[in-house]
Every structure is written in C-alpha cells, then in structure tokens.
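Asker: If you read the protein sequences in the order shown, they are chains A and V. The numbers in this note's numbering rise by one with no breaks, and the one at position 94 of the first sequence is 94. The numbers in this note's numbering rise by one with no breaks, and the one at position 94 of the second sequence is 94.
Simulated from the structure, these hints should not be mistaken for laboratory data. Treat the hints loosely; a few may be bogus.
[Stated by the list, open to error] Straight-line distance between alpha carbons at most 25 Å, and here's what the computed SDA-like set of lysine to any residue pairs gives: (1) V:Lys52 / V:Thr2; (2) V:Lys36 / A:Ala114; (3) A:Lys101 / V:Lys40; (4) V:Lys44 / A:Trp83; (5) V:Lys41 / V:Asp70; (6) V:Lys40 / A:Ser39; (7) V:Lys36 / A:Ile9; (8) A:Lys61 / A:Gln6.
What follows is the residue order along each chain.
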Amino acid sequence: AQSVTQPDIHITVSEGASLELRCNYSYGATPYLFWYVQSPGQGLQLLLKYFSGDTLVQGIKGFEAEFKRSQSSFNLRKPSVHWSDAAEYFCAVGSVSNDYKLSFGAGTTVTVRA
Amino acid sequence: DTAVSQTPKYLVTQMGNDKSIKCEQNLGHDTMYWYKQDSKKFLKIMFSYNNKELIINETVPNRFSPKSPDKAHLNLHINSLELGDSAVYFCASSQRGGGGYTFGSGTRLTVV
Chain A
1 AQSVTQPDIH ITVSEGASLE LRCNYSYGAT PYLFWYVQSP GQGLQLLLKY FSGDTLVQGI
61 KGFEAEFKRS QSSFNLRKPS VHWSDAAEYF CAVGSVSNDY KLSFGAGTTV TVRA
Chain V
1 DTAVSQTPKY LVTQMGNDKS IKCEQNLGHD TMYWYKQDSK KFLKIMFSYN NKELIINETV
61 PNRFSPKSPD KAHLNLHINS LELGDSAVYF CASSQRGGGG YTFGSGTRLT VV
C-alpha cells in the first residue's frame, strides 16, 4: 500500500529565509509525487508534481522539489519565503496500479514571521 | 470561470437529516473524486468516478452515496447525518494518468 509521511507538523520560518518541507513515501514501484498547498479556508492548489525524468522539479510560486529514490523522499524547498507562503502543505503519492488514487500526508503547517 | 465548483460552500444541519453536495468541473477531465478532510486536516479519499463509472469506493458508511450523471458532475448524498460526519468535503477532478488533481474550494459540513 502506498503511504506518505510528513515528519514536521509545524514549521516557523522568518520572511526571506529558506524553507524545506520533508516528505517520505512508501511504495514499491515508481510513484507519482505531488505537493499541494492549502491556504486557510481554501481548496488545495497543486504546486508541482513528479512523474519521471529529471529528479529536480520546478513548480509555481518559486517552489522546487527533489525526488530521491534512495531515500524515498520528495522534499519541497523555497529559497526565500514570503509572508503569503503561510499555509498548510501536503505531500501526496499516487500510482498507476492504484488507479491514480492520491494518498496524502498529514500536512505541515508553515508559519511565516516578519 | 471556476474549474471545479462545489455547492454549497457551507452546510449546517441537524443530526438525522439528509443532505447533498454538488460538484461540477469544466476542465474536460474524465475522473472525479470526493475527499474528506477531518478536523486535523487529514485528507482521505472516499470515492472516485471515471467516465461515470465508480472505480474507487473506500470504506465509507452506506449512508454516503455518490452519483455521477455525466463525467462533468459528481454529487454526494448523505443520509441520516451524524455528528462525526462534520468535516470539509472536497471534490476534485483529473485526467486519468495525466497529472495531479484540481480541487474545488470545499464544502464545510457541520452537523449539530
């Protein structure tokens, strides 16, 4: 069965500082990996996705993520955080064999301090 | 022009009532989903339809019944509402095998 772990429940970062959110997945074959962001009271917006190819993936809003098969990780990074990046971030894994069903991690809450 | 729209946005109802949530997507996607987000923000899939055919039916009480009249619409009907049904319900759509989901803005259901 596929599953996702986001080890950090809550991260506080200063505006302008870098941000890294951790994501570890469990799946036997090559997974499809995603990062979503949810602002308060809003739906989920896709930041970026990895299907195959280049293991460093660029997304929207200046985010990037790196797929590391050896570590079963897909960590999300941003070099310089803006106050508007305060939100809930979800990592998700899907697969062909599982009908593309996405399994989500528990989420990481990001707080940005001035 | 909203890609995935859900109605209503808020729903407050009493225990035992029956309610429906509607979802429509204008992206031309062939697959639609219902997810439940609990108070701890954990997201769990409930149902998935591909071209009007049910393909994923997770362990969900029989009181929940999805209906897809066409591939652009997926509705969720809930009978005999219970306090534990209080959550945010998200509709999503995707092109099967083509990428991530596009989510609606959610329906916050409160059962009192």
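Asker: Output the numbers, in ascending order, of every earlier hint that fails for this structure.
Answerer: 2, 4, 5
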